[in-house]
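Novice: Please model the entire structure based on the sequences and the hints provided.
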Amino acid sequence: MSGETVITICGNLVDDPHLSFTPAGAAVAKFRVASTPRVFDKQSNEWKDGEGLFLTCSVWRQAAENAASTLQKGMRVIVQGRLKQRSYEDREGVKRTVYELDVEEVGPSLKSATAVVTKASSNSSGGQGREAFQRARQEQGAVSAEDPWASNTPGTSGGAPAGGGWGSGAQGGGYSDEPPF
4 MSGETVITIC
14 GNLVDDPHLS
24 FTPAGAAVAK
34 FRVASTPRVF
44 DKQSNEWKDG
54 EGLFLTCSVW
64 RQAAENAAST
74 LQKGMRVIVQ
84 GRLKQRSYED
94 REGVKRTVYE
104 LDVEEVGPSL
114 KSATAVVTKA
124 SSNSSGGQGR
134 EAFQRARQEQ
144 GAVSAEDPWA
154 SNTPGTSGGA
164 PAGGGWGSGA
174 QGGGYSDEPP
184 F
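In my numbering, each residue's number is its place in the sequence shown (first place is 1) plus 3.
Since the hints were made in silico from the structure, they are not lab data. Keep in mind it's a predicted model, so treat the numbers as computed, not measured. Any given hint could be a false lead.
[Unchecked claim] Here are the simulated BS3-like pairs of lysine-lysine, each with C-alpha atoms no more than 27 angstroms apart in a straight line:
hint : residue 1 : residue 2
1    : K51       : K114
2    : K114      : K33
3    : K98       : K33
Specialist: Structural data, given as structure tokens:
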């Protein structure tokens with residue numbers, strides 16, 4: 004929608020994503036991200052932490068199931084989504100305002116970690132609810148031979164001949180620094 008505030012935040016997960024399902028069967032995962040800026044203090048010649056930002060995030064449907072099965076407390080993540088402001092009255096009658104993020108994209112940060120990406124199969128959950136999610140969790144780690152994402156060989160796609168990528172011609176299927184044009 005027009006006029007929405009889209010932001011990207013990098014930070015650490017404060018807790019494991021909590022996966023739940025709506026009565027209609029849609030998956031939703033909620034998690035909190037802590038982002039703390041660091042500034043260099045020239046007088047003391049050391050880095051100091053600024054005030055931390057704690058943001059509650061919600062991700063829906065297949066992405067929720069993927070996030071819940073992939074992300075863990077303490078992981079550094081990159082989250083992009085729409086910032087929402089919500090006001091309410093607490094038990095004591097005090098008006099409060101919170102900011103939340105409706106997540107479009109989330110993934111691990113590779114700044115100081117590595118990750119292995121496994122393409123979610125089309126039958127892993129498909130929005131079928133709890134049973135499909137539990138079945139997908141049990142099958143996690145099994146990789147189909149036909150899955151092009153499963154190949155560890157650069158320039159190949161699940162046994163298909165190399166082609167179309169940079170350097171896939173005369174150099175024998177490896178990667179090259181030469182542009183493809």
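Novice: Which numbered hints turn out to be false for this structure?
Specialist: none
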